[in-house]
Amino acid sequence: MGQLKLDRADPNFRKQLANQPGGEKISACFMCRTCTASCPITAVNDKFNPLRIIRMALFGLKAEVLSGDFIWLCSSCYACQERCPQGVSITEFMTVLKNLAVKEGNIPTGIRAQRDIIKGEGRIYPLDDFDNKKRVKTGLPPIPTSCSAVKKLFPDE
Amino acid sequence: MKYAFFLGCTIPARSRNYELSARKVAERVGIELVDADEFMCCGFPMKASDYKAAEVMGAYNLALAQEKKLNLCVLCSSCASQLTEVAHHLSHDGPERAQVNGELSRAGLKYDGGVQVIHFARVLLEAVGIETIREQFVRDLNDLKIAVHYGCHYLKPSEIYHGFDAVEDPKSIETLVALTGAKVIDYTGKKMCCGGPVLPVDENVALLVAKEKLEAVSDSGADAMCLVCPFCAVMYDGNQKSIESEFGVTYDLPVLYLTQVLGLAMGFDRKELGLNLNVVKTKKLGF
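Chains A and B, in that order, are what the protein sequence lines are.
Per my numbering: the first sequence ends with 157, consecutive numbering throughout.
Per my numbering: the second sequence ends with 287, consecutive numbering throughout.
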């Protein structure tokens, strides 16, 4: 990424984040790197680094954070959040960033597919009659193959 | 001990071995599980893209349990975490609950708080109790060396679980496994994530995370891995062959659900526990 281009930074980004559930305490970060040291994703791919993302957000680098693919690598394992000595809800904060990124049009294909199938079918793996045959054969009760309630809850999807 | 049984999406479609073995164990120790056709996805996979919709889905399921006047017993750790979190958020009568109830009214439901969400393993430990479980055992598993994988959402975030087990030094599942006589094996990185939630984003990263643990468990000399979440099983059992071919390694490590381990000690046979449905062959374990 090189030098920080702070003239393109958005000073309101920090405030915007502080108003979201999970973003309230990020300013308390004192850069100890416990989050990064605990992260199972950073351990295999340093493209994802929770401390770096928190610092970028605090610097107001809104566009870089919300358009990047790296935020999507968070596995929501809570290892960082459980260990943060400053009580920053880091995992919830990553969820806030992902939600904001979606509003900016940044959503990985796989996550979009999951969202669309759940809002459409009520389940991530909809079952058909064939699945139910297999279930009944192994002694399990059949499961409904459609979900009408999800269409009532999300009528615009 | 009567609970509404929340299966979620992955278990009825892809982890029938977990469901079969859990139903068998539940029946044996006296847990009554009430099935409900109306349940939908817990909302967990929606959280990253639409936090509010995920909360509405979670609340919908809680409201259904409330109608039945039952607490929820959950097999999947991600469902447990999501539903517990929503129950935690909506435990107080405030603007958040009012807003969610506004959405739920379209489906003719309202959530008033108070439904408890409890993972099956926790029901075994806290409601059934160690003595009752031990009384059902007819087979000693002392020839088996088992490495336990806790996964993340079974225990975390700890603030919503009221410290039911220690996040940094968990014991609950190992306690249950040790009851069977099996030797519990410790290994490096026991608390590490399976990588599952990253699978729809970057398959290579997800498989690399899972590989770390498969390697550590293999090196520990364990005969099998034991877990309590179908997402973790997708990574370690379902994707073990992909990991082996992608990275040129061999593990051939059976991955059992806790309910399969307990079911074996209770004397159930392979088919009753769905061991024939595990992806990595389990026959070498001698059952």
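Everything labelled a hint here was simulated from the structure, so no lab data went into it.
Check each hint, because a few of them may be wrong.
Claimed, not checked - For lysine-lysine, the following DSS-like pairs were computed, each having C-alpha atoms within a straight-line distance of at most 27 Å:
1. A:K133 x B:K191
2. A:K134 x B:K284
3. A:K47 x B:K191
4. A:K133 x B:K145
Unchecked claim - Rough simulated footprint, nothing fancy, chain B against chain A, three-plus residues with beta-carbon under 8 Å:
5. 35-47
6. 94-108
Said to hold, decoys possible - Which residues of chain A face chain B? A partial, calculated answer using Cβ under 10 Å:
7. N19
8. M31
9. K134
Source: prediction; values computed, not measured.
Cβ coordinates follow ideal geometry from the N, Cα and C atoms, glycine included.
Hint-by-hint comparison with the structure:
no. : hint            : verdict
1   : A:K133 x B:K191 : violated, 38 Å
2   : A:K134 x B:K284 : holds, 26 Å
3   : A:K47 x B:K191  : holds, 22 Å
4   : A:K133 x B:K145 : violated, 36 Å
5   : 35-47           : holds (count 5)
6   : 94-108          : holds (count 7)
7   : N19             : violated, 14 Å
8   : M31             : violated, 22 Å
9   : K134            : holds, 7 Å
Comparing the model with each earlier hint shows violations of hints 1, 4, 7 and 8; every other hint is respected.
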